[in-house]
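Chemist: The primary structure of each chain is shown beneath.
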Amino acid sequence: MTFVPSARLLRSLLPAFSLTVILIAIFYLQPRAMSYFGLNLLLNLALPIAFATLAQMCVIAVNDLDLGIGAFVGFVACVGATWLNESPVLGVAVLALCILAYAALGALIHLRNLPSIVVTLGMSFFWLGLALLVLPTPGGKAPEWVRAVMTFKAPGMPTTIYASAMVAILVHFALMRSAYGAVVRGVGGNPRSVERAGWSILKAKMSMYALAGFFGVLSGISLIGLTTSADANIALRYTLLSIAGVILGGGEFVGGRISPVGAVLGAMTLTLAASFLSFLRISPDWQIGAQGAILIIVLALRVLINRAGKK
Amino acid sequence: MVHFRKSLLSLGVAAAVAAMSQTSAFADTSDKRIALSNNYAGNSWRQAMLTSWEKITSAAVKDGVVAAADAFTTAENQVTEQAAQIQNLILQGYDAIVINAASPDALNGAVEEACAAGIKVISFDGIVTAPCAWRIAIDFKQMGKEQLIYLAEHMPDGGNLLEIRGLAGVFVDDEISAGIHEGVAENSQFKIVGSVHGDWAQDVAQKAVAGILPSLPEIAGVVTQGGDGYGAAQAFKAAGRPIPLIIMGNRQDELKWWKEQKDANGYKTMSVSIAPGVSTLAFWVAQQILDGADVPKDLTVPFLRVDQDDLEEKLAGTEEGSVANVEYALEDAKKVIAGK
Numbered sequence: 001m002t003f004v005p006s007a008r009l010l011r012s013l014l015p016a017f018s019l020t021v022i023l024i025a026i027f028y029l030q031p032r033a034m035s036y037f038g039l040n041l042l043l044n045l046a047l048p049i050a051f052a053t054l055a056q057m058c059v060i061a062v063n064d065l066d067l068g069i070g071a072f073v074g075f076v077a078c079v080g081a082t083w084l085n086e087s088p089v090l091g092v093a094v095l096a097l098c099i100l101a102y103a104a105l106g107a108l109i110h111l112r113n114l115p116s117i118v119v120t121l122g123m124s125f126f127w128l129g130l131a132l133l134v135l136p137t138p139g140g141k142a143p144e145w146v147r148a149v150m151t152f153k154a155p156g157m158p159t160t161i162y163a164s165a166m167v168a169i170l171v172h173f174a175l176m177r178s179a180y181g182a183v184v185r186g187v188g189g190n191p192r193s194v195e196r197a198g199w200s201i202l203k204a205k206m207s208m209y210a211l212a213g214f215f216g217v218l219s220g221i222s223l224i225g226l227t228t229s230a231d232a233n234i235a236l237r238y239t240l241l242s243i244a245g246v247i248l249g250g251g252e253f254v255g256g257r258i259s260p261v262g263a264v265l266g267a268m269t270l271t272l273a274a275s276f277l278s279f280l281r282i283s284p285d286w287q288i289g290a291q292g293a294i295l296i297i298v299l300a301l302r303v304l305i306n307r308a309g310k311k
Numbered sequence: 001m002v003h004f005r006k007s008l009l010s011l012g013v014a015a016a017v018a019a020m021s022q023t024s025a026f027a028d029t030s031d032k033r034i035a036l037s038n039n040y041a042g043n044s045w046r047q048a049m050l051t052s053w054e055k056i057t058s059a060a061v062k063d064g065v066v067a068a069a070d071a072f073t074t075a076e077n078q079v080t081e082q083a084a085q086i087q088n089l090i091l092q093g094y095d096a097i098v099i100n101a102a103s104p105d106a107l108n109g110a111v112e113e114a115c116a117a118g119i120k121v122i123s124f125d126g127i128v129t130a131p132c133a134w135r136i137a138i139d140f141k142q143m144g145k146e147q148l149i150y151l152a153e154h155m156p157d158g159g160n161l162l163e164i165r166g167l168a169g170v171f172v173d174d175e176i177s178a179g180i181h182e183g184v185a186e187n188s189q190f191k192i193v194g195s196v197h198g199d200w201a202q203d204v205a206q207k208a209v210a211g212i213l214p215s216l217p218e219i220a221g222v223v224t225q226g227g228d229g230y231g232a233a234q235a236f237k238a239a240g241r242p243i244p245l246i247i248m249g250n251r252q253d254e255l256k257w258w259k260e261q262k263d264a265n266g267y268k269t270m271s272v273s274i275a276p277g278v279s280t281l282a283f284w285v286a287q288q289i290l291d292g293a294d295v296p297k298d299l300t301v302p303f304l305r306v307d308q309d310d311l312e313e314k315l316a317g318t319e320e321g322s323v324a325n326v327e328y329a330l331e332d333a334k335k336v337i338a339g340k
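Chains as they are written, first to last, in this note's numbering: chain P, 1 to 311; chain R, 1 to 340.
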């Protein structure tokens, strides 16, 4: 008997495949990138995007969408570059409050049965406003320890790769292998049966939103570790990037279908895709379109795999 | 700086200046490569800036002054994207990177990585604060103050002023406005009775001025930041109020309107802004640094002023939808470096 890989296996391999293709293309275009130094430069901005993507994934897991994550990451960055640096206790307290606010957001959306898109879009203005209040003009200073962690040169491979792998595996076990992870994904797949089985949907949504807030905080803090200071508008692009990362990584908008490992790979692919296009010297007018084209190609591949699986 | 949001139409550059000397006496930098990292291209000022860069650097490359001078613009005006772009440029092995930055602080991480890799970083217009980088700054504060000096000369009796500001939260807006307010403090016969944000765009400025006009007393002058003068004039006209002295910002439509008024009723004003060709000055400064010249980290570039007398000349050299411009030559860069 010959081995026929299942559609499911192919699907889960697709994010890794896209990443490899882009990486090879970059190495071909720019051999200099094939070094510790090069990989570090290429990938270090991927870590905050990976965290933002994981945050988005937590929200998508319960069938919602977070349009405020970019502004939220920007706010966290502003808090990180000001309060967290000047009075760490206040900074940590504010960041903890942020996570609680996210949990409350989940509760609000569930209890009032509100569309998450509207609530989070509204919140995006709230976060941006707060960020401007904390840091009216760009500046601030990242705490030394954050800077030290983010510029730490791990032996063998850039720290970003270790960190991303670790986070991806941790989240994979928490959401894909644990009992409560199954319940949470069930809330996205079939909330009614989860509720009948005696689980609280409210709790599940609150914990996933809190987790999203937590990853948002990690994203903002890791971002200022790289940039050294903050700007209220620093991460507005993360909203769309994170959604694209989740989808690129094998997640779906409905049904609680997510893949933490895929999401991290998706975030890296997106980061590398931008570098790839700039190495190709594509005019900026076309770059967004070209980035979209890469997304479409990957998604088209996925549809093909799905179809083949159905046959 | 985010002058004008719109009109990608014209890539025009004006007031051609100083063809560079044909002699290739710059052997020292002939194998060096310079990159331009630009965060935004969506308005006429930035388009003119890129065209000037292209024009001057392609001639320099042809003459063998440098090996390459490539321009890179990020697709979206975002700090994270530009940081990634700078890191890509480091990888591509450029010897110097000239930056118009999306943020004065948030790119410092990437800039420091470039410096650590031995790359010279020169920022202009949108400068970066990393200590290892060079800055070609524009004295925006003085640009605001200059307006009040002009007003005080032409209206010794003073009067009420309307202030049109730029994009909220951008440091250029704060600086120009601070200069204007400093000027008002020194000339107490003037009083700012209203302030709106025009976002450096005609349509936004027109709407904003039209909105505040009914609540204002008689206005003697309008102080602006550039890109908003024409819109302000239209708003005054639509409201049927006498048109005050409006300071212009070197945009072609502003200069044209001024010229029409000047011909019709002797309207007097002045116009001040930064020449988009400042990118070429940054290029020459980068070349000089690579050449081993001793260049101070902080340089100041003069702004471009249009007065009643040279209006016709400047307008003729400005293409429709563009901005009055001047391009710099190596000699100009040397003068700026010497602090003259």
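Derived from the structure by calculation, the hints contain no laboratory data.
Any given hint could be a false lead.
Output of the computed footprint for chain P on chain R, the stretches with three or more beta carbons under 8 Å from beta carbons of chain P [what the hints assert, rightly or not]:
{"no.": "1", "segment": "64-77"}
{"no.": "2", "segment": "87-98"}
{"no.": "3", "segment": "311-321"}
None of these values were measured; they are calculated from a predicted model.
Just so it is clear, CB atoms sit at the ideal spot from N, CA and C, and this is done for glycine as well.
Chemist: Run every hint past the structure and note whether it holds.
Modeler: Here is what the structure says about each hint:
1. 64-77: holds (count 6)
2. 87-98: holds (count 6)
3. 311-321: violated (count 0)
In terms of the numbered hints stated before, the structure departs from hint 3 and from no other.
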